[in-house]
Amino acid sequence: MKIVEKDLHISSKNRNQLIDITSQVGSAVRESGITEGDCIVYCPHTTAAITVNVNADPSVPHDILLILEQLIPHRHSGYRHSEGNSDAHCKSTLVGSSEQVPIKDKSLVLGTWQGIFFCEFDGPRNRKVKVQIRGE
Amino acid sequence: MKIVEKDLHISSKNRNQLIDITSQVGSAVRESGITEGDCIVYCPHTTAAITVNVNADPSVPHDILLILEQLIPHRHSGYRHSEGNSDAHCKSTLVGSSEQVPIKDKSLVLGTWQGIFFCEFDGPRNRKVKVQIRGE
Amino acid sequence: MKIVEKDLHISSKNRNQLIDITSQVGSAVRESGITEGDCIVYCPHTTAAITVNVNADPSVPHDILLILEQLIPHRHSGYRHSEGNSDAHCKSTLVGSSEQVPIKDKSLVLGTWQGIFFCEFDGPRNRKVKVQIRGE
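Protein chains in written order, with the working numbering: chain D, 152 to 287; chain Z, 152 to 287; chain U, 152 to 287.
It cannot be assumed that every hint is accurate.
If chains are identical, the list can't say which one is meant, so a pair holds when it fits in one copy or spans any two.
[To be verified] PhoX-like mimics (lysine-lysine), calculated; alpha carbons at most 20 Å apart, straight line:
{"#": "1", "residue 1": "LYS164", "residue 2": "LYS257"}
{"#": "2", "residue 1": "LYS164", "residue 2": "LYS255"}
{"#": "3", "residue 1": "LYS153", "residue 2": "LYS164"}
{"#": "4", "residue 1": "LYS279", "residue 2": "LYS153"}
{"#": "5", "residue 1": "LYS255", "residue 2": "LYS279"}
{"#": "6", "residue 1": "LYS281", "residue 2": "LYS257"}
FYI, nobody ran anything at the bench for these hints, they're computed from the structure.
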C-alpha cells in the first residue's frame, strides 16, 4: 500500500463560507500516482468542517449555511465559551471534520453533482486541509 | 492490500425514508474474501446520506426522520435553490455522505443494535450506494 | 499493510457527556508500531457518537451539548420509540458514529486544539470504543 499526503492552503473571506476544494483534492489524487484506494480529506481546525454536496449551483451552499445559522445561533445566553465562536465549534461537530472518498482509475469516485467543500464557520482566516491518499 | 468494490441498487418509496442496507453490505464483505480491514459505504447522491443506527425497531428511524424534518423545513422563504429540495441537501450534509465500519473475521464490526441505513431525503428515486472493502 | 485493533473501555457519569479519549487513542497508535496510516475511532453504540473538537477548554463541550439538547428535545409527543431515548439516537446520527484521523510519525495528525471525544447521549453507562489502526 502506498500512502501520499498533501496539505491544501485555503483563505476564507467571510465568517461562514463553503469553499469548493474538489479540483485541488482531485489534483492531489492524480499527482499521487495511486490508481485504486481512497482519500481522506481532513480538517485540522475546530471551527471548520468538511462536507460533500452540490458544487454546480451556489444556491445550495447558501441554503446549507442559512439552515446552520438558524439552528445554531452566533449569540446565545447559555454559551460558556468566551471567544464568541461557540456556534462555529457546534457546526464543526454537526458537519464533521473529515470526509472519505473512494478512488478508482486515478479519480475520486464522486457522484455527478458532488463536490468537496471546506466549511468555514469562523472566518475570515487562513486554513489548512490535510489530504491523505492511500492505495495501489 | 486487497480492494473490492460493489455497487448496491436501492429504490426508495417515500420522500424521506431510512432503508436498512446492512445485509447487502454484509454480503459484499463476505463475497470480497477479505478477513480483516474496513468497509466504506459511500452515497454518491447530494440529497441522500448514510447513517448507522438501530435497525431492529422501526420507531427509531421514524423518530430520526421526525427530528430532521422539524429542524430542516421542506419549505423556507430564505431558500435560494430553485428545485424545492434544499432541505434534502442540508440533511445530507448534517447526516453525512458516508460511514466507515471496521471488518474482522470476514464480518462488519457492528454493535449489537447497529445497522447501516441509506437515508433518502428526496425520494422516491432509484439510487446507488458504493461499497469499497479494503484489507487482507 | 498492518492492521491493529484495540477496544477502549469508558464509563460515563451523566446522561449527556463528552469524554476526551485522545490520550487513549494516541497510546493505541504508539503501541501499534504503525508509523504512517490512519486510525478509525468507531462507536458500536446507537445512543452515543464520536466527534473531534476542542479539548483544552471544557466550555466548548458544554456549549456543544447545550445546542444538541436545544435542537433535539429529550421528550417529544411525536416520538414513537418507547425507551425514552429517541433524542440520543437522533444525536448519534447527527454527530456520527466514527471519526477517522490520519497517522504520521507514529502520531495522530490532529490540529493544535483538536481532541477526540466519546459523546454519551444516554448515560450513565459502561461503553466501548473500537480503535482500528492501519498502515505501515
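Hint check results:
1. When the C-alpha separation of LYS164 and LYS257 is checked against a cutoff of 20 Å, the pair qualifies neither within a copy, at 32 Å, nor between copies, at 35 Å.
2. Within a single copy, LYS164 and LYS255 get their C-alpha atoms no closer than 34 Å, and across copies no closer than 31 Å, so neither meets the 20 Å cut-off.
3. For a Cα distance limit of 20 Å, the shortest separation of LYS153 from LYS164 qualifies neither inside one copy, at 36 Å, nor across copies, at 42 Å.
4. Proximity of LYS279 and LYS153 under a CA criterion of 20 Å is satisfied in neither setting, with 23 Å inside one chain copy and 29 Å between copies.
5. Taking CA atoms no more than 20 Å apart as the test, LYS255 paired with LYS279 passes between copies only; the shortest distance there is 16 Å, against 25 Å inside one copy.
6. In this homomeric assembly, LYS281 and LYS257 come within 20 Å of each other (Cα to Cα) both inside a single copy, at 19 Å, and across copies, at 17 Å.
Of the numbered hints listed earlier, those contradicted by the structure are 1, 2, 3 and 4.
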